[in-house]
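The listed protein sequences correspond, in order, to chains A and B.
Residue 14 is where the first sequence starts when you use the numbering used here, and the numbers rise one by one after that.
Residue 604 is where the second sequence starts when you use the numbering used here, and the numbers rise one by one after that.
Treat the hints as calculated values from the structure; they're not laboratory data.
A hint or two may mislead.
Listed next, the stretches of chain A that the computed footprint assigns to chain B, with coverage defined by at least 3 CB atoms under 8 angstroms from CB atoms of chain B [claimed, not checked]: (1) 37-47; (2) 82-93; (3) 124-130.
Since the structure is predicted, the reported quantities are computational estimates derived from the model, not experimental observations.
We put the CB at the ideal spot given by N, CA and C, even for glycine.
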Amino acid sequence: MELPNEVNANESLARYLTHSNHYHVPTSSVKPKAFEPPADLRLSVFRIDGLTIEDVWRIGQLKMINSMPQPRTLHGVADIKASAVQDLNLTVDPDNNPLRHASIVGWPEDKSERKSITQQLAARAKLILRS
Amino acid sequence: MTIVCDALPNSSFLKFPSNLGVSNGAEAIKRQAEELRNMFEQSITIGKHYKEARRSLTKAFEECSVDNWDSYGAKAIDELSCVKAISFSRMLPMHVPVPEIYIDSDGEVTFEWYLGPREVFSVTVRGNDELVYAGLFGANKTHGVEHLDDELPETILDNISRVLTE
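Isolated chain A, as found in the complex:
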């Protein structure tokens, strides 16, 4: 399935969860820490529309986990609609490098605002754990 260049508001985005502090088992929810932007303020996600869950895990393992300098475990994904990102005045930049990769950009300078945004993104994300 070929994805359009523009990210549709209804598209599903996957944020890979690489640490146990990215999610909360008792409430089956994603924690704000999972959406904390890195130093360059480009939060890495993958566009997952049209993929099976096995494809999602395969991409996560090959494109994320295996490319990290430190050994990591793929715990699961936070599945979030692009509209939830756009509602918070952030933008999804589909750089397609690697294939299906995009970055959430447009984060405010103010750290308290960024913290608030991560809480709102996490509240709207769906947790899918790798069994």
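Given chain A, work out where chain B should sit, using these hints.
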């Protein structure tokens, strides 16, 4: 005879107001306050926040002591933020549950109370004594900056209470 006769700010036994005195009496009070604090920190219940903070931060030092510890370009743990985080943990009231402690991608220490997706409050303790906070309580949200002083700011205490009672 000089004895410690001190208010207990925000129900925490572990944080005494700054003692700026230089007299022999003031020095004696300072020593007694330190002895009291050491005694309380040995207590399982009273010193729980402080002990948990020290445990978490010791672990964080091992895991986050070099740049790029998260593989996404994070800065190494900020030592001054750590020192302030220890002070912050001493100020937490005893009835407050022990929060989770994280190191942010900029190296600063964050305390988080997470009960669910819309029941969360977190505070980042900066090396310059700023407390950067954000909370989500049902449909309501808040964020801002407070200054860390001898006592926890009311705003921080109120928001901790808010998340625990949602």
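Hint-by-hint comparison with the structure:
1. 37-47: holds (count 7)
2. 82-93: holds (count 3)
3. 124-130: holds (count 5)
The structure meets every hint from the earlier list without exception.
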